[in-house]
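**Student:** Sequence:
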Amino acid sequence: MLHAVGIVAEYNPFHNGHRYQLLRAKEITGADVTIAIMSSNWLQRGEPALLDKWDRTKLALQNGVDLVIELPVQFAVQPAHRFAMGGVQLAAAINCDWLAYGAEHPEIDMMNLVMEQPRQSDFFRRFDQTYAAQYDRFLQAATGIRLTDSNDILAFAYAQANQQLGSPLHLVPVKREQSRHRDPTIERSTSVASGTAIRRAAFKQRWDTVGRVVPEATLNALQQKSGITWADFWPQLQSGLGITNVNRLRDFYMMTEGIEFRLQREARRSTNFDQFMQRVKTKRYTYTRLQRQAVYALLQLTPDEMIGSATLLRVLGFNDTGRAYLHQEKKRTGLPLITQLSPALVDGEYQAEYRAGLMRQMVTGVEQDLHRHPIYAASL
Numbered sequence: 019m020l021h022a023v024g025i026v027a028e029y030n031p032f033h034n035g036h037r038y039q040l041l042r043a044k045e046i047t048g049a050d051v052t053i054a055i056m057s058s059n060w061l062q063r064g065e066p067a068l069l070d071k072w073d074r075t076k077l078a079l080q081n082g083v084d085l086v087i088e089l090p091v092q093f094a095v096q097p098a099h100r101f102a103m104g105g106v107q108l109a110a111a112i113n114c115d116w117l118a119y120g121a122e123h124p125e126i127d128m129m130n131l132v133m134e135q136p137r138q139s140d141f142f143r144r145f146d147q148t149y150a151a152q153y154d155r156f157l158q159a160a161t162g163i164r165l166t167d168s169n170d171i172l173a174f175a176y177a178q179a180n181q182q183l184g185s186p187l188h189l190v191p192v193k194r195e196q197s198r199h200r201d202p203t204i205e206r207s208t209s210v211a212s213g214t215a216i217r218r219a220a221f222k223q224r225w226d227t228v229g230r231v232v233p234e235a236t237l238n239a240l241q242q243k244s245g246i247t248w249a250d251f252w253p254q255l256q257s258g259l260g261i262t263n264v265n266r267l268r269d270f271y272m273m274t275e276g277i278e279f280r281l282q283r284e285a286r287r288s289t290n291f292d293q294f295m296q297r298v299k300t301k302r303y304t305y306t307r308l309q310r311q312a313v314y315a316l317l318q319l320t321p322d323e324m325i326g327s328a329t330l331l332r333v334l335g336f337n338d339t340g341r342a343y344l345h346q347e348k349k350r351t352g353l354p355l356i357t358q359l360s361p362a363l364v365d366g367e368y369q370a371e372y373r374a375g376l377m378r379q380m381v382t383g384v385e386q387d388l389h390r391h392p393i394y395a396a397s398l
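Just add 18 to wherever you are in the sequence shown, counting from 1, and you've got the numbering used here.
Simulated from the structure, these hints should not be mistaken for lab results. Some clues are possibly wrong.
FRET-style restraints, in silico, Cβ to Cβ [unchecked claim]: (1) G326 with R302: 23 to 33 angstroms; (2) L183 with P253: 32 to 42 angstroms; (3) Q254 with G276: 22 to 32 angstroms.
In silico EDC-like pairs for lysine to aspartate or glutamate, Cα to Cα no more than 20 angstroms straight-line [what the hints assert, rightly or not]: (4) K44 with E125; (5) K76 with E234; (6) K222 with D250.
All C-beta atoms in this analysis are idealised placements derived from N, C-alpha and C, irrespective of residue type, glycine included.
My request is simple: use the sequences and hints to build the entire structure.
**Tutor:** Below you can see the structure in the form of structure tokens.
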């Protein structure tokens with residue numbers, strides 16, 4: 019019987035810190051199989067992935083992951099609580115025994131904090147605060163502990179989601195080494211850096227620096243592929259916001275408090291995405307909140323598509339160990355296993371993710387969903 023540890027990840031891109039986390043997760047748990055629940059083409063902070071989900075799947079399989087399951091856009095581009103809920107649902111559905119995650123303070127008992135959380139609390143109803151600020155506010159009031167690091171906030175969210183689902187997973191925090199999540203620079207003496215720093219160095223083509231902190235396969239992929247940014251989607255976003263009736267814009271997910279008027283006005287006035295972000299930014303909304311809102315508008319995502327539970331397990335890739343695990347679990351998974359999309363899925367429950375991939379496909383020319391099959395690591 020194969021036992022699996024799950025990791026919810028973006029791998030944007032896959033770097034040495036991710037490889038360390040994989041090794042530690044298997045060492046701590048003794049798991050036979052490592053499963054990545056990986057964000058697809060759009061990420062939690064409301065950004066397009068530097069490399070598409072297929073390139074990132076390939077890199078994950080080349081560096082220690084046995085099976086990659088897609089975290090679709092309805093969970094991937096969300097605040098911590100929804101992102102975590104999607105990851106935990108999918109990890110539980112594929113029958114992981116453990117969920118491992120990076121944490122700045124693994125000594126904190128997150129499950130205990132979750133149990134102390136009031137059942138009916140107004141701490142998470144403040145729309146003028148980010149979810150990160152609201153988590154911090156609750157935890158400080160309840161326990162005196164402040165969680166300001168994004169990894170610790172996600173750790174709390176994983177514990178909360180796991181508790182809400184009946185605790186199907188054993189939670190395994192893995193101490194982050196050296197680099198904090200959004201450190202903007204790469205130290206000369208280090209072999210580990212944040213994804214933020216790596217992306218910045220890659221856009222500047224500082225390949226010697228990047229090569230110190232990522233596996234060789236990642237370096238090669240970054241050198242060969244043109245990294246995608248919001249600038250590539252600005253024409254579509256500007257035209258969509260600029261000409262769509264505000265009553266229609268109001269139908270999109272999280273388009274509340276009259277923000278649709280501001281987004282439309284500034285889209286018409288701006289000449290690029292960065293300028294647009296600067297013009298729509300206020301004290302009320304963080305850049306992350308606004309970038310997510312831009313994704314929802316670009317992809318025309320509605321509340322019905324973005325709120326709800328996971329409905330399927332999309333397999334993006336596997337190696338021989340992952341294939342053996344799929345064979346073992348195929349009749350026992352909590353959700354249908356999907357290796358090839360049907361027109362019915364594309365027109366139905368997969369429609370939001372299909373649009374998310376199609377938008378990238380129209381920019382890059384690389385098919386993202388309809389005719390794609392899982393990557394088999396032996397063929398790499």
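**Student:** Are the hints correct? Go through all of them and say.
**Tutor:** Hints, one by one, checked against the model:
no.: 1; hint: G326 with R302: 23 to 33 angstroms; result: holds, 27 angstroms
no.: 2; hint: L183 with P253: 32 to 42 angstroms; result: holds, 41 angstroms
no.: 3; hint: Q254 with G276: 22 to 32 angstroms; result: holds, 23 angstroms
no.: 4; hint: K44 with E125; result: holds, 19 angstroms
no.: 5; hint: K76 with E234; result: holds, 13 angstroms
no.: 6; hint: K222 with D250; result: holds, 17 angstroms
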